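Q: Listed below, chain by chain, are the residues.
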Amino acid sequence: MTALRALFIRDLRLAVRVGGGGGIGVLFFLIVVVLMPFAVGPDLGLLGRIGPAILWLGALLASLLTLDRLLAADHEDGSLDLILMSETPLELAIAVKALAHWLVTGLPLAVAAPLLGLFMNLDGRAGAAVALTLLVGTPALTFIGLIGAALAVALRRGGLLLAVLVLPLTVPVLIFGVAASNAAVVGPLPFGTPFTILCALTLVSVVVGTFAAAAALRQGME
Amino acid sequence: MALIDLANPSRFLSLAERVLPWLIGITIIAFAIGLQQTAGAPDDYQQGATVKIMFIHVPSAWLGMFGWTLMSIAAFGTLVWRHPLADVTAKAAAPIGAAFTFLCLVTGSLWGRPMWGTYWVWDARLTSVLILFLMYLGVIALWRTVDDPSRAARAAAVLTLVGAINLPIIKFSVDWWNTLHQPASVIRLGGSTIDATILIPLLVMAGAFTLLFVTLLIAAMRNEILRRRVRTLMLMQAQAAPGSAS
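Taken in order, these protein sequences are the chains called A and B. Oh and the first sequence: position 33 is 85 in the numbering used here, straight run, nothing missing. Oh and the second sequence: position 139 is 1028 in the numbering used here, straight run, nothing missing.
These are computed hints drawn from the structure, not numbers from a lab. Worth double-checking, as some hints may not be accurate.
One-sided and incomplete, this derived list gives chain A residues near chain B with beta-carbon spacing under 7 Å [to be verified]:
no.	residue
1	176
2	180
3	223
4	227
5	271
Quick list of simulated restraints, FRET-style, between CB atoms [said to hold, decoys possible]:
no.	chain 1	residue 1	chain 2	residue 2	range
6	A	125	B	1040	44 to 52 Å
7	A	94	B	1064	30 to 38 Å
8	B	970	A	64	39 to 47 Å
A short list of chain B residues far from chain A (calculated; beta carbon distances all over 10 Å) [as the list claims (entries may be wrong)]:
no.	residue
9	1023
10	1027
11	1054
12	1055
13	1099
14	1104
The model shown is predicted, which means the values in this text are computed figures rather than measured ones. Backbone N, C-alpha and C fix where the C-beta goes; we use that ideal spot for every residue, glycine too.
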């Protein structure tokens, strides 16, 4: 337990002191959202309707952008080998790493969402709904991305391949995240139904992502 | 016992050499019968002759999904038993499955143009097949980017199994998503029960396509085993060459 806590604190500290992780992610999120009106035109009614979708897409791309840092840095300086050899189960160790990563990169996206929602002509209620769905949905993105990050490390390839492998798997999260946000904005469906499915997807992703990533690392690093 | 015998690539090669000519012959005969039956099948009273696209479209869709199932079983073999032939099966099945999925998308699109008036709709079924195709491309990209085959095999196996869990979720979520956005115009391919005059040719064609899949798979597996042998020989030659580094 102390080893896991130490790993958790180390990852948070590294992320804060090295920088470039969560901050860049939020900046990227901001830029994607700002670019969108240039593409579709500054029609406030239209932006209000597609706002939740744009915020979700921006958050998805931003969380993808930061995935490279999840395991690659530890692999480069050798600490990933130590984690692999330690007595702590690998599944727990990388789950803790992913949790720390989410705190630094995923949580800021959810926090920034209501603010960026103002650009998209979303009212307070809609902005809060998007933020809530992002809060619940971004862990799923991080843990699905964990599989991609583990594969990229095991294969010593990253970048574009990681995006190609991860993005198709995120389709359900995107669908239910946007569906729940839209349900809160316009209805007619209740917010609860897609939202609970989104929660379920997150829980499934945490389990599947952790075990699949651990398997990929074990197979790839020997 | 038979499975253990097949574990040896050399045995598999000799078996493949013996089986392949027969398989090719049977496949050709099955396609001949299937095409003849298809030509004899009556036109649909609404769709006319375009209904014949179904005889290519539906078997392709089945085999596209069959390919991923086969890859998942092979992936299990790779991870659990480190079975060398399982690697080869998974690698050989990916492009074939992708090709059938692509065929399914293209024929469906060509069928959709006269029937629905558009090449593409964001219908649940179409969308989930498209994502299946994208995942095939991802797995192929993974195989292509890694030099060492056994390392690539294990990574691809993990991705394939994750995909096998995710595909039903994607299918289900896309179904749900579709009903949200276009509730009235759900397009159904096989709404009514299919008449025997169409069903029998369809089944024959499905059998022929499956035979084609198996033939292509065994040929591709043979090629892959030979390719690995060539690679090993080249590596050994490079190591033995005088003046080589390391």
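Q: Could you see if the CB distance from residue 970 of chain B to residue 64 of chain A stays within 39 to 47 Å?
A: holds (40 Å)
Q: Can we confirm that no CB of chain A comes within 10 Å of the CB of residue 1104 of chain B?
A: holds (29 Å)
Q: For the hint on residue 227 of chain A, just tell me whether its beta-carbon gets within less than 7 Å of chain B.
A: holds (5 Å)
Q: Quick check on the hint: residue 223 of chain A CB to chain B CB, less than 7 Å?
A: holds (5 Å)
Q: Is the Cβ of residue 1055 of chain B more than 10 Å away from each Cβ in chain A?
A: Answer for residue 1055 of chain B: violated, closest chain A Cβ roughly 5 Å.
Q: Could you see if the CB distance from residue 125 of chain A to residue 1040 of chain B stays within 44 to 52 Å?
A: violated (21 Å)
Q: Closer than 7 Å between Cβ atoms is the bar; does residue 271 of chain A clear it against chain B? Give me holds or violated.
A: Holds. Min distance 4 Å.
Q: Measuring from the C-beta of residue 180 of chain A to each C-beta in chain B, is the shortest one below 7 Å?
A: At about 21 Å, which exceeds the 7 Å cut-off, the nearest Cβ of chain B leaves the hint on residue 180 of chain A violated.
Q: Tell me if the beta carbons of residue 94 of chain A and residue 1064 of chain B are separated by a distance inside 30 to 38 Å.
A: holds (35 Å)
Q: Taking 7 Å as the limit, does the beta-carbon of residue 176 of chain A come near enough to a beta-carbon in chain B?
A: violated (24 Å)
Q: Say whether it holds or is violated: residue 1099 of chain B keeps its Cβ farther than 10 Å from all Cβ of chain A.
A: Holds, because the least Cβ-Cβ distance between residue 1099 of chain B and chain A comes to about 26 Å, which exceeds 10 Å.
Q: Regarding the assertion that residue 1054 of chain B does not contact chain A, is the least Cβ-Cβ distance greater than 10 Å?
A: The claim is violated: residue 1054 of chain B sits with its nearest Cβ about 6 Å from chain A, within 10 Å.
In summary, the structure is inconsistent with hints 1, 2, 6, 9, 10, 11, 12 from the numbered list given earlier, while agreeing with the others.
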